[in-house]
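The primary structure of each chain is shown beneath.
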Amino acid sequence: MKTKDNSEEQNLKIFFSEMKAKDSALVIPQFPKIRKSKSWSLIPLGIAASLALLAWFDRGDKPIQTLDHDVIIITLEEGENNELQFIIESTTELESWESPTSSLLTEF
Amino acid sequence: MKKSILEDILKELHQQAYHWSRQCCSFDEDLEKDVLQQVYLKILNGKAIYKEKSQLKTWLFSVIRFTASEWRKKDQNVFPMDMDFDTAEQEEEAKTDSHEDLIQILPERQKEILLLVFYHNLTLEKAAEVMGISIGSVRTHYDRGKKNLKDLILKKTLHENKR
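Chains E and D, in that order, are what the protein sequence lines are. Okay, so the first sequence: first residue is 1 according to our numbering, each after it adds one. Okay, so the second sequence: first residue is 109 according to our numbering, each after it adds one.
It is possible that some hints are incorrect.
In silico contact screen, one side only, chain D against chain E (beta carbon under 8 Å); selected entries [as the list claims (entries may be wrong)]:
hint: 1; residue: Lys119
hint: 2; residue: Gln124
hint: 3; residue: Tyr126
hint: 4; residue: Gln146
hint: 5; residue: Tyr158
hint: 6; residue: Phe174
hint: 7; residue: Ser245
hint: 8; residue: Lys254
hint: 9; residue: Asn256
hint: 10; residue: Leu257
hint: 11; residue: Ile261
Keep in mind that the hints were calculated from the coordinates and are not lab data. Note that beta-carbon positions come from the ideal geometry of N, C-alpha and C, so glycine has one too.
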């Protein structure tokens with residue numbers, strides 16, 4: 001029985017050695033080259049990117065806001081003949097302005 | 109283990125890893141290359157960690173086996189547009205000329221255990237580690253596999269003698 005088992009195992013060994021022999025003809029691709037990660041080399045790149053971002057946000061070409069004709073002051077004044085008239089003015093600066101018709105601000 | 113040492117050992121085991129990967133991928137060379145590439149990436153990126161509990165070869169083989177089974181699961185539900193789904197007749201007439209064809213007929217675990225023991229010269233204990241199953245189960249698959257493969261070889265020999 002043992003002899004039979006051994007011969008059967010021998011058959012299997014022959015089978016696999018034949019298979020190995022066939023496989024030895026296969027062209028095996030080379031072990032892939034692994035790029036060593038150089039994380040330190042990314043530091044200057046990171047600094048450059050940060051600076052570029054800062055420059056982007058702080059760039060001086062902000063649109064200059066002028067008040068040219070942007071502020072219109074409409075006042076209602078009493079004329080010489082007691083008639084009411086609107087006076088429309090436009091200005092570029094508006095630091096302080098007081099209504100000449102203070103009566104409008106009076107609370108009744 | 110240092111990365112450089114690990115890389116050197118992987119280089120040494122590359123040929124064996126290639127064959128095992130090919131066997132785990134049902135001898136599909138394209139799939140095998142993808143799987144092996146994925147395995148090396150997993151190892152060198154630290155996703156698969158060698159804890160020195162077993163031999164490096166055993167560990168590497170188990171990573172390959174696991175990765176191949178992951179890929180097979182992914183591919184299982186993908187069928188080419190021109191695939192003929194009526195394959196019953198084709199299976200009966202499948203060629204069983206080569207060693208690979210005979211091995212492919214065996215159930216997956218029987219195939220794996222026989223390849224690990226006879227092709228890669230691992231012990232049953234090491235094979236159990238690679239396959240992630242108990243030594244008892246490995247012995248069962250081993251005995252059944254040997255018997256089945258022996259029958260297949262015998263059938264093939266008889267078929268060849270008839271010609």
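For which of the previously enumerated hints does the structure constitute a violation, in increasing order of number?
-> Result: hints 2, 4, 5, 6, 7, 9 break, sorted rising.
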